[in-house]
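Participant: With chain A held as given, fit chain B onto it using these hints.
Number of protein chains: 2
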Amino acid sequence: MTERLKIVVVGSVAAGTSAAAKARRGSEDAEIVVYERDTDISYSGCGLPYYLGGRVETIDVLTPRDAAWFAKRYGIDVRTGHEVTGVDTAARTVTVRDLASGETFTDDYDELVLATGVSPVVPPLPGVDADGVFTLRNPSDATAIREWIENRGARRAVIVGAGYIGLETAEQLTERGLDVTVVEMEAHSMPRMDADVADRVDDELRSRGVELLTRARVTSIETSDDGAARAVRVEAGAEPGSGPGSGSGDAERTVETDLVVVAVGVRPNLDLARAAGVRVGESGAIAVDPAGRTSADHVWAVGDVAESFDLITGDPAWVPLGSTANKTGRIAGDALTGGDLEHRGILGTSIVRVFDLAVAQTGLTEDRARAAGFDPVVVHNIKPDRPAYLGGQEMLIKAVADRRTGRLLGAQAVGPSGVDKRIDVLATAITFGAKAEDLFHLDLAYAPTYATTKDPVHYTGMALDGAISGRAALVSASELDRRRDGGEQVQVVDVRSAKDRAKSAVDDSVHIPLAELRARADELDPALPTVTYCNKGVTGNAGQNVLRGRGFADVANLSGGNKTYQRHVRGRSAEGR
Amino acid sequence: MTERLKIVVVGSVAAGTSAAAKARRGSEDAEIVVYERDTDISYSGCGLPYYLGGRVETIDVLTPRDAAWFAKRYGIDVRTGHEVTGVDTAARTVTVRDLASGETFTDDYDELVLATGVSPVVPPLPGVDADGVFTLRNPSDATAIREWIENRGARRAVIVGAGYIGLETAEQLTERGLDVTVVEMEAHSMPRMDADVADRVDDELRSRGVELLTRARVTSIETSDDGAARAVRVEAGAEPGSGPGSGSGDAERTVETDLVVVAVGVRPNLDLARAAGVRVGESGAIAVDPAGRTSADHVWAVGDVAESFDLITGDPAWVPLGSTANKTGRIAGDALTGGDLEHRGILGTSIVRVFDLAVAQTGLTEDRARAAGFDPVVVHNIKPDRPAYLGGQEMLIKAVADRRTGRLLGAQAVGPSGVDKRIDVLATAITFGAKAEDLFHLDLAYAPTYATTKDPVHYTGMALDGAISGRAALVSASELDRRRDGGEQVQVVDVRSAKDRAKSAVDDSVHIPLAELRARADELDPALPTVTYCNKGVTGNAGQNVLRGRGFADVANLSGGNKTYQRHVRGRSAEGR
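Chains A and B, in that order, give the protein sequences. Letter by letter, the first sequence follows residues 1 to 577 in the UniProt record's numbering. Letter by letter, the second sequence follows residues 1 to 577 in the UniProt record's numbering.
FYI, nobody ran anything at the bench for these hints, they're computed from the structure.
Because identical chains share one entry, a pair is satisfied inside a single copy or across any pair of copies.
Restricting the straight-line Cα-Cα distance to at most 27 Å, the calculated cross-link-like pairs of lysine-lysine (DSSO-like) are:
no., residue 1, residue 2
1, K536, K454
2, K72, K503
3, K72, K536
4, K563, K72
5, K454, K72
6, K536, K503
7, K499, K72
None of the values given here were measured: they were computed from a predicted structure.
This is chain A alone, in the form it adopts within the complex:
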């Protein structure tokens, strides 16, 4: 191109600046202008909760780059306080309003990049506009919340929503000394995860003194005479195992508070996209091709406002995350300047720290795998991150594979240590189309300071592979329930020690410790469907092998053992089933 390319970017948090910087790397000549209606650019939205808690002392460290930095380093013209209010795709112009002066002007572009991001969803509740009710999306929000807490001497907080931001905020405000109540409409925190993993997060929250109300809906926010929020009215529904103070059976209750943070989700900022007439995908975000092109010529969309697609299924997917925003920004910046980068899809890999627990996931959950038409094989693998003699602590990995092809589809993990590593390894394996059987072969770094000789990833692969091949069939707690409820006679064998059995056991199980199983197998009926179990699954699998070797035709091991079964039972009673 002989004429100088002009790129206009709208929005400058993660994707917009990534696109601009990459475009500059691709073309030293291009004119690059970024319009941002806010004052802060290129900030770390994910770091905001840590400013609330004081782990991040000043807000400045979360906004390390300003317009001058971009001008100097990249020769990029970033104009904050400028809102793009209109677009004419035929004339290739945008209408821009200078928020300081109130003046409006027109700018032209060769290529337009929409990086308009998302806004927090705020349900239209009575009182939601009161002082002391916040969302947490940008540095101004964080500053306002912290000032509110400090100026008002706030001691209680209600967080509405138990997703990433809600939980990080709950943690940080608790560590700051506030009494925190979290209100979540779904049956458990982390609604994108399966219930039998997220329940561990619920436990962690409660053990740290957070009052977690699930299946609970905020109906209104009450205000004081000074116009500030003073209480939240909560319709409690069936409230599973909530903390003290929650009147059981109450249809509605009042939670007094000094502030409310609404963190129930975000939605794409589509005004400009609509003005440009670009197609919006089925997820509700802007549909784009793998380079970031929208349906309108010379209009691109990147970051949280753009739709992505699932790496496994290829279906449209929208999971707004900083990691993906950075990627799609860079990809479009490359494509804008002649490069050939293309987005390869997402696994929705994500992680959040909730007190001492890392909570992470990648790929499909059991529920989504089934919804996508797979026949999911599931394992619950409970393993320490390191040997106990060097302080190893247990994590749970729930992994899902496709029974037909053996392909690994997804994993969720929770635990105090080493969870991020296992999820990233599994995400990498899934990306390359790994089958469950491939995991055992991975040559991972072993030293007792970092891992066990066989890593939790290896064990997960071995268990999945055994279940798929039928050599070590697994049955989940819910499936066992379902089969028994359906009238099937299942012989359930507890192969643990008498001591373990005394603590808790699966309903209607017989007790034959593993060491006696070879000798006492004839007490069982080899023709009956049989389920073996232990505490976590390993000894149950050994028992399963013994019985299979003794000619039992149908022996499954209880996935995740009694430990997982008892959690299932608790969840079942909470649901009133």
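Facilitator: Okay, now just chain B, sitting in the frame of chain A:
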């Protein structure tokens, strides 16, 4: 098979017991006998250094399983104190000596599994048999060392060899309060790693008060009147930057000590393999097929005594590690009982903690990649594991890819935190044949508590890909040296701030800060080969882009920046070049 299969396993540390346990899972009927000449079985050899330091309080926790446990759980007959002294592969019998009674008997087998492991190499030095001179291979060794330290009130130790065991022992004895000297023949610790990574380990050791003598050879061990080691004579050679007390230029010196631990490597225990007439591979370990079969019918070899092969090159490889031993044992146990598991090769992935530094590697080093016939592209990537605002600390990742295919070949990493995760992700990627360009696309778990928005793995892939494609050519410090030494005129441009430049700079470089580079590019000659640099590489790459955009034909960025260059310079002077 109608007759009962009889499997005899010789050796019971990691691979032998893995093979036996997996064989039992595969066949409930087989008779499985394990002979072990030692008293301890199935112990964690990798945990032994932590017993020396007291982090592991009792030796029992490293030997959690005994013969009774295997009998009860698996119906496996483990006979400790029994040495297999001969084998007749025609008759399928072994000769066994009961070490307690001195009696010898013959046992027959259908399948024989050699899991005889390795023994420490002990160089034939004068005084090496003295009291107070140890190797560290099994729990008895660890117990003997700890008793020696406690009984003698030992305050000084000399470790011979700076590999995994040597360094872990050095760390643990230092933490116990001993003054430790490490003597290493090679130019740096961790001899399997490249010098420009291992030098960071050398620094860590020295900063913790360990006296590290490199290019140094122990010539003799001197003893006291009571027959105990009292000093080590060291031929110092050219001694790069060693600690105080090492007379510079001394050909030989004496290091007084209260004990000596010899950790210069291990060699396979081949007596039985030789008796069986099985083929030994070029690595010196027993040659096996991917299931573990040796060249002799019905004789298998697993664990450290068996040769493996390189996953990337397919060449025979022998890297004795607990992780691989467990794998090959399990694989043979499966194959022995009708399974189809096959070993897929190793990357030599390994990790060691040295005080606050994790030191890890996977795949080919730069040196080995070149030796294997690849044209290696190398990056030195210095990145924090997390954002600085949450306490992120820098790690170095040195990664190697093949210029022709783009395939990732290997990585080495050192840093205080998050190194194990990145190496495991890279090992997984290499296993699936990842190209450098694939790394950027990985959907890894981001939260500021665990990673940066673009992970160090992403940056590594981006830098490698840029270097391979030529969009962001890299030059290493040594290559720059080589070119200049060869008389080539290279224009070296320092794009850092004046403050950074004042501290140290690359020889004969001109200084134009990045912010001024666009305006001042005409001070440089666009026809000359040009190298840009900054502190670590990122800003240098930005400068490189500016100059390329200005029409400079040949611009490379200095890999790892001035930080890596200055280390190179120090190494160069230490080598007297």
